[in-house]
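Enquirer: Got chain R; can you put chain D on it based on the hints?
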Amino acid sequence: MGTERIDIFTAEAREAREAAAREGRELAETERIVAGAEAGTPQEALARTREGEEIAAKALPGARDPMIINLGPQHPSTHGVLRLVTQLDGEIVRDVHPVIGYLHTGIEKQCENKTYWQAITLVTRMDYLSPFFNIHAYTQSVEKLLDLEVPERAKWLRVMISELNRITSHLVWLGTSGLELGAITVFFYTYRERDRALDLFEMISGERMNNRYFQVGGCADDVPPGFLGLLKRFVDEMPSRIDEYEGMLAGNPIWIERTRGVGVLPAEQLIDLGITGPALRAAGVDLDLRKARPYSGYEHFDFTVPVGNNGDAYDRFLIRLREMRESTRIIQQCLDGLPEGPHIADDRKVVLPPRPELATSMEALIHHFKLVTEGFRVPEGEAYSAVESPRGEIGCYVVADGGPKPVRVHMRDASFVNLQALRPMAKNAYLADLIAMIGSLDNVMGGVDR
Amino acid sequence: MSEYRSLIEAACPGAVVDEFEGPGDELTIEIARDRIAEVGRFLKGEPCSFKLLSDVTCADFPAGDGRGNRFRMAYHLFSVETGDRLRLRVWADAETPEVPSVTPVWATANWHEREVWDMFGVRFADHPDLSRILMPFDWEGHPLRRDYPLGGEDVWFSDAV
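Each protein sequence line maps, in turn, to chains R and D.
For the first sequence, position 188 (counting from the first letter as 1) is numbered 188 according to my numbering, and the numbering increases by one without interruption.
For the second sequence, position 89 (counting from the first letter as 1) is numbered 89 according to my numbering, and the numbering increases by one without interruption.
Honestly, I wouldn't trust all of these hints.
What the hints assert, rightly or not - 20 Å max Cα-Cα, derived EDC-like pairs, lysine to aspartate or glutamate: (1) K44(D) with D302(R); (2) K155(R) with E340(R); (3) K427(R) with E268(R); (4) K155(R) with E299(R); (5) K109(R) with D34(D); (6) K44(D) with D65(D); (7) K232(R) with D222(R); (8) K232(R) with E268(R); (9) K51(D) with E326(R); (10) K44(D) with E3(D); (11) K109(R) with D126(D); (12) K44(D) with D126(D); (13) K405(R) with E112(R); (14) K114(R) with D147(D); (15) K405(R) with D84(D); (16) K405(R) with D347(R); (17) K44(D) with D34(D); (18) K51(D) with D272(R); (19) K232(R) with D302(R); (20) K291(R) with E81(D); (21) K427(R) with D129(D); (22) K291(R) with E26(D); (23) K291(R) with D84(D); (24) K370(R) with D347(R); (25) K232(R) with D243(R); (26) K291(R) with E95(D); (27) K109(R) with E91(R); (28) K155(R) with D302(R); (29) K109(R) with D154(D); (30) K370(R) with E357(R); (31) K44(D) with D272(R); (32) K44(D) with D286(R); (33) K349(R) with E374(R); (34) K51(D) with E112(R); (35) K155(R) with D272(R).
To be clear, the hints were calculated from the coordinates, so they are not data collected in a lab.
In this text the structure is predicted, and so the values were computed from the model without any measurement.
For reference, chain R alone in the conformation it holds in the complex (with noise of 0.2 Å):
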């Protein structure tokens, strides 16, 4: 793309350069690309493509000018609303440009004007399919803005849920990442066991997705009557339904043929681009943030981080359906070992009191009153806190002031950076092998845009 052709009036093309022109600069690389995907009117594009078929008569394979598509924002494949400008040149992929904001809510904004326990339901509503794990982070954050130290139970508590937040996060992840390479069946298989754990969940938190269940201090409620039982059928169960998706998928040769030798960097290059979780494992990095930095008493399970060593989409899934396996290994040693006592800290300065004591208490009232008008106050400072997400390294920035508020929110969301990988992957591969790049990468977009 020559400078020259972005002449086209499209209105993205006009707003970027005004807002060059305002600012007195030239356009970014992003901006220039955006603006010159679209052609104004369809004699435009028909003229264009005229002359790119000129220009391809002439020429040979390679040279020719490149065609721009635009996949998405609205593309069933590209989970969610992820724009992908692409440069073709036939079927090769020569170039990439993501282009993301489309789901953009401002939820850090909105942290800023809410109080302390306030943001917790905005954070769950990140990256949706994983929202145990983005309070986890947040509530970390402030814990140790805090210094506030969480009961044991509900360290394991929390450690449970968010090992049956991982099954269900990955199951979503096979269930359409076969939908996108065409392999439909195992998606019916992946959601009739989601749809038991969104039961589990409904069942501990009252809400079967954007689950508020962890507070600062430890967890909203103790685990209902039944709810144990109901988890240990479940992960009794799951490792033969695993079984199930493995053997439809690992050996099934259409399945090989789409996801061997696809999307490979380098683990140097990956790091570099900051990539975490599964996609980083996958190339044979040993990094998980539960062994790396165990938090939350990760240091007391035993289970073992699946590496892969090609890197390519299908040790992603490799590693994926290990992961779950190891989940549910996990969940079962919560369940042997949950230890008793209160499921959340006792600090009535921080944490609401508990229900019956309103009726009874004059303090409890009062402190319950402070928490609910107010929200408790945070001592001034910094916090930054992660947690080993189905995605990779969910992280929470949080600046306090001392006041109710905080000022800053800053949610490093494992998408967001994930995506960064895509234009380095796709160059020079193709078209189709794009789509299982973006499946494999597993990207939410709920949490790239914030």
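Expert: For chain D alone, kept in the frame of chain R given last:
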């Protein structure tokens, strides 16, 4: 004085402004604004090997730090070998905030810095592609600044409500 501070001071004399500890085991080292890319390059290599840059972000303090600065950048570094974390802090001034880009050091900083430019209006020198990332290209203002008005956007199609 922390081990990392003395290492940085030995390699890049005069780059460290101050250091802060806590909460928990967190360590923050404040770096002179113009030296951040240089310090980053040192920290990424041996012996510190902070090869993974977890996060780059910013916070706005309209009252400033008393030296004419307003925007506080935070770089969260992680070492894959040792599991250590380190936060670097850089202040950017209130009028024309500009910080050297660390994208040439860690490729992952590309989108993080675009986000900070988009949300706070802090420019990054030598950034390869400094365009807005979450807001539309022609958006005016930088939404995460503390003085950005809430409810500043027109609500469309509200006549039926």
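Enquirer: Out of the numbered hints, which ones does the structure contradict?
Expert: Structure breaks hints 1, 5, 6, 8, 9, 11, 15, 26, 27, 34, 35.
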